[in-house]
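Undergrad: I would like the entire structure built from these sequences, with the hints used as guidance.
Protein chains: 2
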Amino acid sequence: MERRLAVIDCGSNSFRLVVFTYTDTWWKRTDEIHEAVRVGEGLEASGALQPAPMERALETLELYAHFCSATGIDEIRPVATSAIRDASNQAEFLAAARERSGLSVEVLPGPAEARYGYLAAVNTTTLSDGVVLDLGGGSMQLTRVADRAAVDARSWPLGAVRMTERFNPGKRKRTEALRQHIATELASAPWLGEDGRLVAVGGTVRNLAAAAQLAAGMPSYGIQGYRVSRDALGDLIDRFSSGPPADVPGIKYARGDLILAGAIVIDGVLEAGGFDAFEATEAGLREGVFFERLYPGALSSDVRRDAVRNLASQYDADFAHSEHVARLSLEIWDALRAQGLHAGDDAERELVWAAAMLHDIGVAVDYDDHHKHSRYLILNAGLPGFSPRETALIGQAARYHRKGTPSLGEFEPEMRRGDAALLNRLAACVRLAEQLERSRDQTVHACEVVVLDGTAELRLRASGDTRIARWAAQRQGDLFKRAFDRELSVV
Amino acid sequence: MERRLAVIDCGSNSFRLVVFTYTDTWWKRTDEIHEAVRVGEGLEASGALQPAPMERALETLELYAHFCSATGIDEIRPVATSAIRDASNQAEFLAAARERSGLSVEVLPGPAEARYGYLAAVNTTTLSDGVVLDLGGGSMQLTRVADRAAVDARSWPLGAVRMTERFNPGKRKRTEALRQHIATELASAPWLGEDGRLVAVGGTVRNLAAAAQLAAGMPSYGIQGYRVSRDALGDLIDRFSSGPPADVPGIKYARGDLILAGAIVIDGVLEAGGFDAFEATEAGLREGVFFERLYPGALSSDVRRDAVRNLASQYDADFAHSEHVARLSLEIWDALRAQGLHAGDDAERELVWAAAMLHDIGVAVDYDDHHKHSRYLILNAGLPGFSPRETALIGQAARYHRKGTPSLGEFEPEMRRGDAALLNRLAACVRLAEQLERSRDQTVHACEVVVLDGTAELRLRASGDTRIARWAAQRQGDLFKRAFDRELSVV
Numbered sequence: 001m002e003r004r005l006a007v008i009d010c011g012s013n014s015f016r017l018v019v020f021t022y023t024d025t026w027w028k029r030t031d032e033i034h035e036a037v038r039v040g041e042g043l044e045a046s047g048a049l050q051p052a053p054m055e056r057a058l059e060t061l062e063l064y065a066h067f068c069s070a071t072g073i074d075e076i077r078p079v080a081t082s083a084i085r086d087a088s089n090q091a092e093f094l095a096a097a098r099e100r101s102g103l104s105v106e107v108l109p110g111p112a113e114a115r116y117g118y119l120a121a122v123n124t125t126t127l128s129d130g131v132v133l134d135l136g137g138g139s140m141q142l143t144r145v146a147d148r149a150a151v152d153a154r155s156w157p158l159g160a161v162r163m164t165e166r167f168n169p170g171k172r173k174r175t176e177a178l179r180q181h182i183a184t185e186l187a188s189a190p191w192l193g194e195d196g197r198l199v200a201v202g203g204t205v206r207n208l209a210a211a212a213q214l215a216a217g218m219p220s221y222g223i224q225g226y227r228v229s230r231d232a233l234g235d236l237i238d239r240f241s242s243g244p245p246a247d248v249p250g251i252k253y254a255r256g257d258l259i260l261a262g263a264i265v266i267d268g269v270l271e272a273g274g275f276d277a278f279e280a281t282e283a284g285l286r287e288g289v290f291f292e293r294l295y296p297g298a299l300s301s302d303v304r305r306d307a308v309r310n311l312a313s314q315y316d317a318d319f320a321h322s323e324h325v326a327r328l329s330l331e332i333w334d335a336l337r338a339q340g341l342h343a344g345d346d347a348e349r350e351l352v353w354a355a356a357m358l359h360d361i362g363v364a365v366d367y368d369d370h371h372k373h374s375r376y377l378i379l380n381a382g383l384p385g386f387s388p389r390e391t392a393l394i395g396q397a398a399r400y401h402r403k404g405t406p407s408l409g410e411f412e413p414e415m416r417r418g419d420a421a422l423l424n425r426l427a428a429c430v431r432l433a434e435q436l437e438r439s440r441d442q443t444v445h446a447c448e449v450v451v452l453d454g455t456a457e458l459r460l461r462a463s464g465d466t467r468i469a470r471w472a473a474q475r476q477g478d479l480f481k482r483a484f485d486r487e488l489s490v491v
Numbered sequence: 001m002e003r004r005l006a007v008i009d010c011g012s013n014s015f016r017l018v019v020f021t022y023t024d025t026w027w028k029r030t031d032e033i034h035e036a037v038r039v040g041e042g043l044e045a046s047g048a049l050q051p052a053p054m055e056r057a058l059e060t061l062e063l064y065a066h067f068c069s070a071t072g073i074d075e076i077r078p079v080a081t082s083a084i085r086d087a088s089n090q091a092e093f094l095a096a097a098r099e100r101s102g103l104s105v106e107v108l109p110g111p112a113e114a115r116y117g118y119l120a121a122v123n124t125t126t127l128s129d130g131v132v133l134d135l136g137g138g139s140m141q142l143t144r145v146a147d148r149a150a151v152d153a154r155s156w157p158l159g160a161v162r163m164t165e166r167f168n169p170g171k172r173k174r175t176e177a178l179r180q181h182i183a184t185e186l187a188s189a190p191w192l193g194e195d196g197r198l199v200a201v202g203g204t205v206r207n208l209a210a211a212a213q214l215a216a217g218m219p220s221y222g223i224q225g226y227r228v229s230r231d232a233l234g235d236l237i238d239r240f241s242s243g244p245p246a247d248v249p250g251i252k253y254a255r256g257d258l259i260l261a262g263a264i265v266i267d268g269v270l271e272a273g274g275f276d277a278f279e280a281t282e283a284g285l286r287e288g289v290f291f292e293r294l295y296p297g298a299l300s301s302d303v304r305r306d307a308v309r310n311l312a313s314q315y316d317a318d319f320a321h322s323e324h325v326a327r328l329s330l331e332i333w334d335a336l337r338a339q340g341l342h343a344g345d346d347a348e349r350e351l352v353w354a355a356a357m358l359h360d361i362g363v364a365v366d367y368d369d370h371h372k373h374s375r376y377l378i379l380n381a382g383l384p385g386f387s388p389r390e391t392a393l394i395g396q397a398a399r400y401h402r403k404g405t406p407s408l409g410e411f412e413p414e415m416r417r418g419d420a421a422l423l424n425r426l427a428a429c430v431r432l433a434e435q436l437e438r439s440r441d442q443t444v445h446a447c448e449v450v451v452l453d454g455t456a457e458l459r460l461r462a463s464g465d466t467r468i469a470r471w472a473a474q475r476q477g478d479l480f481k482r483a484f485d486r487e488l489s490v491v
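Protein chains in written order, with our numbering: chain A, 1 to 491; chain B, 1 to 491.
No lab work stands behind these hints, which were simulated from the structure alone.
A few of these clues could be false.
Note that the list lumps identical chains together, so a pair holds whenever it fits in one copy or between two copies.
[As the list claims (entries may be wrong)] Straight line, CA to CA, 20 Å or less: simulated EDC-like cross-link-like pairs of lysine to aspartate or glutamate:
| no. | residue 1 | residue 2 |
| --- | --- | --- |
| 1 | Lys252 | Asp24 |
| 2 | Lys28 | Asp235 |
| 3 | Lys372 | Glu331 |
| 4 | Lys372 | Glu412 |
| 5 | Lys173 | Asp368 |
| 6 | Lys403 | Asp334 |
| 7 | Lys171 | Glu35 |
| 8 | Lys252 | Asp368 |
| 9 | Lys372 | Asp276 |
| 10 | Lys28 | Asp74 |
| 11 | Lys28 | Asp316 |
| 12 | Lys403 | Glu32 |
| 13 | Lys171 | Asp302 |
| 14 | Lys173 | Asp238 |
| 15 | Lys403 | Asp485 |
| 16 | Lys403 | Glu194 |
| 17 | Lys28 | Asp368 |
| 18 | Lys28 | Asp195 |
| 19 | Lys171 | Glu194 |
TA: This is the structure in structure tokens:
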């Protein structure tokens with residue numbers, strides 16, 4: 001059964017209504033309304049929500065409430081963060097919001113806000129130990145993560161709107177004052193210097209990652225998992241300081257005047273923590289609120305598995321087939337590794353599994369060229385927990401699961417040395433398994449590989465006639481030879 | 001409930017198993033196995049199926065039978081055409097096929113084969129009066145169509161394999177002999193000279209259309225509805241005569257040696273019938289067999305409506321919303337036409353409806369950029385009954401249903417004068433209707449438009465609060481003004 005949760009995020013910079021639709025097997029965002037309310041405008045100077053921003057905020061809440069009642073949303077979670085939290089006239093605003101929209105807005109204390117950012121990060125990346133940075137318009141939260149658990153969290157009034165209003169960086173002196181301020185503030189988190197990765201959350205982060213991705217000439221299918229080095233961030237800060245930031249590709253117009261301060265705050269965290277990069281995720285506070293509802297204990301037990309299963313469940317009509325192809329692919333890959341025909345690591349093994357699970361989802365678009373459609377769906381829907389490079393490898397392996405000579409294509413700039421050979425191995429294993437399961441009835445239970453001189457002999461265990469499987473698999477000798485440098489023989 | 005029909009097409013050139021999955025609301029091809037069996041090899045000279053091709057055919061049938069039993073197909077329809085029909089040892093082949101595969105292959109008489117080609121054509125194009133050409137490896141069928149009914153049909157042994165074996169065209173003299181032969185044969189169809197369109201079916205046709213489309217620099221999302229002029233066909237024949245045909249982009253390698261004879265046969269039909277072009281469809285005999293099962297009376301009552309509904313049903317989670325947006329879009333478009341703000345014809349009206357029905361299907365890929373995903377699905381799944389130009393306009397209108405300034409983009413070469421303005425109208429109507437239905441609850445029942453001087457006043461009839469609808473619609477003033485040169489006012 002499909003259920004729907006609407007999260008209304010009353011941020012200091014923008015208000016956003018996001019509808020999540022979910023069942024027992026999949027979830028996705030299905031609607032969104034975004035308004036650049038800037039309720040925090042003028043707050044830094046006066047300490048109170050100003051009349052014009054407050055009126056914009058109330059009108060927007062009214063509209064969101066109408067939308068939710070009209071569309072019959074099951075549940076609504078309106079939450080407010082820094083600007084409203086810190087405003088001296090918060091009570092007045094909340095009362096007006098309730099009266100005009102019927103919505104009871106929950107003001108999140110700093111630690112609660114930090115927790116949702118943390119939930120967004122650990123449920124969409126493989127972060128196990130390190131720090132989550134969540135930069136909003138009003139505040140910034142840092143959460144220390146150990147073995148996926150939040151072990152410490154703090155909030156600082158270092159949001160992008162606030163820092164822009166207070167320091168208006170750009171000229172050297174004002175920028176220097178902002179940097180100084182950040183360093184002083186961050187002295188209160190001594191654990192920042194410890195080891196681990198830095199995962200960053202929020203609109204500023206997404207814009208910076210998109211700009212860095214474009215600047216590096218990478219193909220762009222979203223910024224999920226994209227790693228922005230400190231050097232790349234420094235280059236962006238230089239560009240924002242020397243011309244209109246909104247002219248930098250990847251930076252949205254409405255965020256142009258805030259992005260410099262935000263970038264400097266993030267750079268200050270990298271400096272204070274000795275990080276050489278941050279990883280971006282597309283998820284944020286809103287997803288954090290949703291994940292608390294979706295996952296028992298608010299945590300996915302395996303982010304990558306869940307991402308692959310989520311996508312497969314949305315498109316795949318024949319799950320038994322995909323799971324069987326995944327099993328056979330892994331058996332082949334494992335056997336070949338055991339026989340010394342490749343030395344792939346466990347991360348590669350996970351890519352084999354993911355590509356096999358998703359190879360056929362493109363049939364949902366059209367049977368013709370469905371291998372290409374599978375790639376399109378994988379790249380565009382995205383796979384949280386996998387880096388852009390890994391997602392591209394999974395997409396390319398699906399693309400080449402039927403025919404053609406695997407190539408990295410437009411993803412070349414994203415790839416590492418050896419990835420072309422890795423892709424050959426992925427495609428060869430998935431293609432061979434697909435052919436063993438060509439009859440789609442799991443006739444071939446399992447397979448073993450025995451290497452004899454120049455030949456890899458694939459031995460099938462099966463419950464019925466394997467003629468179609470052998471016939472189909474034997475045809476894949478060319479790619480197998482290219483990937484593993486052995487003749488293929490299916491017996 | 002999903003049902004599956006496997007059609008096994010034992011053609012003279014290739015054998016093909018196609019699985020159609022269908023429910024009460026949608027259908028699509030979900031699997032396919034193709035083998036270049038060339039069962040007709042050597043038939044022209046000897047009159048009988050030769051041992052080697054016959055063995056290839058029997059092995060392929062065995063494989064197909066295994067596939068069907070393994071995948072639990074509900075129903076199998078194995079049919080054979082010209083080569084097997086005409087072979088002196090047909091009975092021997094059919095008995096061997098039954099023994100080795102368990103399949104009872106039905107040999108289609110010429111008129112039955114022609115009928116399936118006709119059903120493929122009239123159910124995937126808007127052909128009402130004219131001729132359907134179905135060119136296979138062994139034979140060619142022509143069916144005369146009047147008011148969508150088949151009123152005459154004939155089969156000629158002019159298939160591409162047969163003509164290649166007999167005439168081996170390429171050199172001027174042999175080509176001339178083939179042309180002469182075709183002209184003589186076609187004298188027996190006097191109605192060929194009558195009026196109407198020519199729709200063509202079959203693998204040769206699909207290859208020729210793909211090559212012509214590429215030669216004309218058109219973006220290629222399949223050849224459904226693509227019109228190949230006689231001049232373009234002549235150019236292709238020249239290229240096939242002067243170098244390896246398989247080197248011509250669009251021509252598949254396995255068809256390279258047959259395509260010239262096939263092209264000359266089709267050119268002979270254009271000549272004999274005085275046609276200046278043929279329209280290609282991707283459907284063929286196999287779809288004809290399936291349509292006989294799918295449609296009452298074997299005929300779609302409205303090809304375009306069915307194509308749009310088929311696609312919408314596969315992806316759209318909120319049909320009530322799409323249908324309401326379609327209704328409102330048409331009300332707006334109709335009212336603006338009645339008030340003289342545009343002079344679009346009924347074909348344009350159908351595009352408005354289609355774009356509105358399909359605007360949101362991309363949410364099935366991902367909410368982010370779902371307007372772009374809608375276009376991708378529309379272009380790649382295709383819309384039988386619409387030309388490539390029309391399909392592109394529907395796709396672009398869906399692409400611009402949320403934001404952005406509509407543009408023809410890569411489809412420019414496909415378009416006619418005035419299509420940029422037409423696209424503005426489509427996008428403006430759909431976008432406005434989408435906003436009136438932003439709450440997705442059909443609050444706005446209907447709308448009228450009153451034009452007062454420079455302003456078009458949109459008057460809403462509604463059952464509830466229209467604040468969100470008015471607010472959202474009013475924002476679309478810019479595109480409305482661009483499309484209809486009037487200020488928009490929503491009341």
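Undergrad: Against this structure, judge whether each hint is valid.
TA: Structure-based check of each hint:
1. Lys252 / Asp24: Answer is neither: 35 Å inside a copy and 45 Å across each miss the 20 Å cutoff.
2. Lys28 / Asp235: Classified as neither; 35 Å inside a copy, 50 Å across copies.
3. Lys372 / Glu331: Answer is neither; intra-copy 25 Å and inter-copy 38 Å both fail.
4. Lys372 / Glu412: within (17 Å within a copy, 24 Å between copies)
5. Lys173 / Asp368: neither (60 Å within a copy, 39 Å between copies)
6. Lys403 / Asp334: neither (23 Å within a copy, 49 Å between copies)
7. Lys171 / Glu35: So Lys171 and Glu35 fail the 20 Å test inside a copy (30 Å) and across (70 Å) alike.
8. Lys252 / Asp368: Result: close only across copies, 15 Å inter versus 37 Å intra.
9. Lys372 / Asp276: neither (36 Å within a copy, 35 Å between copies)
10. Lys28 / Asp74: So Lys28 and Asp74 pass the 20 Å test inside one copy only (15 Å; across, 34 Å).
11. Lys28 / Asp316: Close inside one copy (15 Å) and across copies (14 Å); limit 20 Å.
12. Lys403 / Glu32: For Lys403 and Glu32, only the inter-copy Cα distance (14 Å) is at most 20 Å; the intra-copy one is 39 Å.
13. Lys171 / Asp302: neither (46 Å within a copy, 66 Å between copies)
14. Lys173 / Asp238: Close inside one copy (14 Å), not across copies (73 Å); limit 20 Å.
15. Lys403 / Asp485: The answer is within: 18 Å in one copy meets 20 Å, while 51 Å across copies does not.
16. Lys403 / Glu194: Classified as neither; 48 Å inside a copy, 45 Å across copies.
17. Lys28 / Asp368: between (26 Å within a copy, 11 Å between copies)
18. Lys28 / Asp195: Cα proximity of Lys28 and Asp195: none, with 33 Å in one copy and 53 Å across.
19. Lys171 / Glu194: Result: close neither inside a copy nor across copies, 32 Å intra and 80 Å inter.
Checked against the numbered hints listed earlier, the structure breaks hints 1, 2, 3, 5, 6, 7, 9, 13, 16, 18 and 19; every other hint is satisfied.
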